[in-house]
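Engineer: Protein chains in written order, with numbering that gives the first Met the number 0: chain A, 0 to 284; chain B, 0 to 576.
Keep in mind that a hint or two might mislead.
[Said to hold, decoys possible] Covered, in the sense of this in silico footprint (three residues per stretch, anywhere, with C-beta under 8 Å from a C-beta of chain B), are these stretches of chain A:
#	region
1	137–151
2	172–186
3	192–203
4	213–221
5	256–268
[What the hints assert, rightly or not] From the derived model, a few chain B residues whose C-beta atoms are all more than 12 Å from chain A:
#	residue
6	Pro62
7	Ile195
8	Ala199
9	Arg239
10	Val252
11	Met323
[Stated by the list, open to error] Under the rule of at most 16 Å between Cα atoms (straight-line distance), these lysine to aspartate or glutamate pairs were calculated in the EDC-like manner:
#	chain 1	residue 1	chain 2	residue 2
12	B	Lys530	B	Asp479
13	B	Lys308	A	Glu58
14	A	Lys189	A	Glu226
15	A	Lys194	A	Glu258
16	A	Lys194	A	Glu226
17	B	Lys249	A	Asp175
18	A	Lys149	A	Asp175
19	A	Lys194	A	Asp170
20	B	Lys441	B	Glu526
21	B	Lys552	B	Asp568
22	B	Lys365	A	Glu56
23	A	Lys148	A	Glu123
24	B	Lys249	A	Glu58
25	A	Lys90	A	Asp147
26	B	Lys365	A	Glu259
Don't read these hints as lab results, they were simulated from the structure. Only a predicted model underlies this, so the values are computations on that prediction, with no experimental measurement involved. We treat Cβ as the ideally placed atom computed from N, Cα and C, and that holds for glycine.
The lines below spell out each chain.
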Amino acid sequence: MGTYGWSLPVAASSYAGSIDFGIWLIHAAMLGIFALWGAFFVYLLVKYRARPGVAAEREDHEDTPSHISVPDSFSKFPFGQLLYRNKGALKSLVPDMIIMAFEIALIVFYAIPVWSKIKMVVPEGPEVVHVQLIAEQFAWSFHYAGPDKKFGPRRSELVHFSNPIGLDRSDPASHDDVVMGNELRLPVNKVALLKMYSKDVIHSFFVPEFRIKQDILPGMEMPLWVEPTKTGKFEIACAQLCGFAHALMRGDVYVQTQEEFDAWYKSRLAANPAAATPTNPSEEF
Amino acid sequence: MSQDPHGHAHHPELTFWEKYVFSVDHKVIGLQYLITSFFFLLIGFGLMMLMRWQLAFPGRAIPLIGHMFSADLAPNGVMSGEFYNALGAMHGTIMVFLGIVPLGVGAYGNYVLPLQIGAPDMAFPRMNMMSYWLYLPGGILMLSSFLMPGGAAQSGWTSYPPLSIINPGQTMWLLSMVVLITSSLLGAINFLVTTINMRAPGMSLWRMPVFCWAQFVTAVLLLLAFPPLEAASILQLMDRVFHTSFYMPKDLVILGQAYAGSGGGQPLLWQHLFWFLAHPEVYVLVLPPMGIVAEIIANNTRKPLHGYKTLVLSMVAIGVMSFMVWAHHMFISGMSASLGNFFLVTTMIISVPSVAILTCLIFSLKGGSIRYNVPMLFALAFLPLFGIGGLTGLPLGLTVTDIYLHDTYYVIGHFHFVVVTGSIIALLGGVYHWFPKWYGRKMNDRLGYIHFWGTTISMCAIFMPMLFMGMAGAQRRLYDPTAQLHNLPVQSWNIVSTYAAYALALFQLPFIYNFFHSMWFGEKTVENPWKATTLEWACPSPPPHGNFEKTPKVHRGPYEYSVVGRKTDYWMQTDAS
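Produce the entire structure from the sequences given, and follow the hints as far as they go.
Structural biologist: Here you go:
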């Protein structure tokens, strides 16, 4: 089987497993609930079809009329009388209670902890690989800081077809920077922190194998972290409608060993284009 | 606005225009809404069939009609990305705002609610007429945007800025939305006042049929949820027309050009305002159909509904809670991730009353003597199919699993199961149920059975594949799904879905024929053909202007079926003994 198929794609990030766990658990529960409900439903449809001479049975709305006394065992604890007298209505809420208990367990033991880990914690430390992502209609640019670990500044007035992110090449911090179009390279088993920006409209960074998706709002910095666990080439897709060529806005992420990654970076740095800083970009068009 | 309760007794002759076009009679307005919204549903469906062709066979010319489109829309008959996006945005907008809401509220609410509470008309008949006469031009305005330079709106029915500010077509969309929202607000106020003030003597709130409660809660939702969207739409209009920056951030560079506006706005503001309407809107789409299903089930099981009060209170609870869940559409939008936890919890809470409603409706079958007529088949199909819609909402409402499933076809499958196999199935059932009241004639049963089975099976065949595609990670809103590798293994599901959509279209033909043929030539029927208990069956079919011969008096609850010791198995609310 390849990376993609009829069901979930290959899981290739550190948190993909816990997301898949939730997806399978919920679908198993859904199928179970649907099968039970469905069986009961069909049984009712067959059993209570209209037959000549058989009238419908009305339910008794008051389970226990007030003149009948409630057993002692029930009147002892608080609300016991009330519960006993409405036990029929309560019985019909049993499916609801079961589903609610399941949902509460999901929230407390699964959703909040995993969500907090994926979306609320921004990883830090010297081991973290930093990449800036700049999205535009209809392409992704990936900006690496290089050995000095400093990103060169970006200026919107420098944006040009030869310099899509508007990198200020005159700034010393940018001299060892590398900018790639539609191609992201990450070392395997290292936490990567992407700081994502958009130049124009809302885009959404989606890598199905990483099970990660995050909208990128223009005017804001959107952090996203991922720890790839499998080497290979995976697809980057834009998941938020961004215009007429939204379907064509794609890229690739190459997950490599650290050595391969370093070698690739050196080769890119050697091929770095000269600083392109036209004084008035509009004249160039 | 004064209302003469005995007006029907001494009416001057109405001209054709007063009687059928600019009518103030809630029944005529209801039928106007019915026909118009079915017409818009067909148009929305037609747009979708064009899109489905492109999704199944991207790059192939649209057969038969492809070459009729201009070269901008479909060069050589092949759909362009712009045209696909316009069709997508308009399909969503038309189906929601011009199709299902006007059908569930405008048509059924208008016709049935005053009859069920024993009122001679709506509280404000002229306002009622105005509501329709804003809806129709609003809808025509929306459709005419296809003829504008640049075409119709292309930013999805959600119209997220900045895309919606820079894309063509959006101005018409916004203007039309303002008109449509105004129409809905007038309707909502009318429904509330009618329900509160115009009930017949004896019709206490707890004697109202579930359908009336559903309409009442819906009207509250419309009244409270629509104004924020109307305001938000006007702000977006300002951004487009006067270059303000409510939603536009600083320093945008669009296709290489700096954006001229001052910036400083926030795109997320629109999303919050939009979903603050659009989530309650989901319940506006669903509650009236639930009311219809409850009516049909009570009537055809020949027994009272199980848990009438639970049903009503659950609807009220849904109404209240629906204002607290909107941001579950925005888990990965970039809003604070801790907000996600809050909306996760409220979303799980709102599932409780929804499950309670379904449970009550299923338990209502127990002990019944079920008549399998056409409306009942539709009402019964609603239960499991709406159930699928509800269940598939679970992994989307859960923050963690939504990271993967958000904006995939799973979402499309989920909400179409809710709105199509849920709402539309129930609304179709309602036509068969109330048709005898509207026209004094019955619809043909055999055509009804063909319509029912064809419709439900093809609907499932359209939407089931979408769930599978979504699991594989296929995104929504791609005009060419084959442009991305990960969509390729599931592309064959798109073809299944497309053929099923065309089958669905074919199975609507018996319905359309049945509707218009039965209107004039159907079997004549009596006042109360279903042997029902509620008030709309206590007046002639069709009811005259003013509805009731004399103001009805209500003696009991809405579903007194199979009362022991009575000769008939139904005891109408108006029967004195």
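Engineer: Quick check: which numbered hints come out false for this structure?
Structural biologist: 1, 2, 5, 10, 12, 15, 17, 19, 21, 24, 25 and 26
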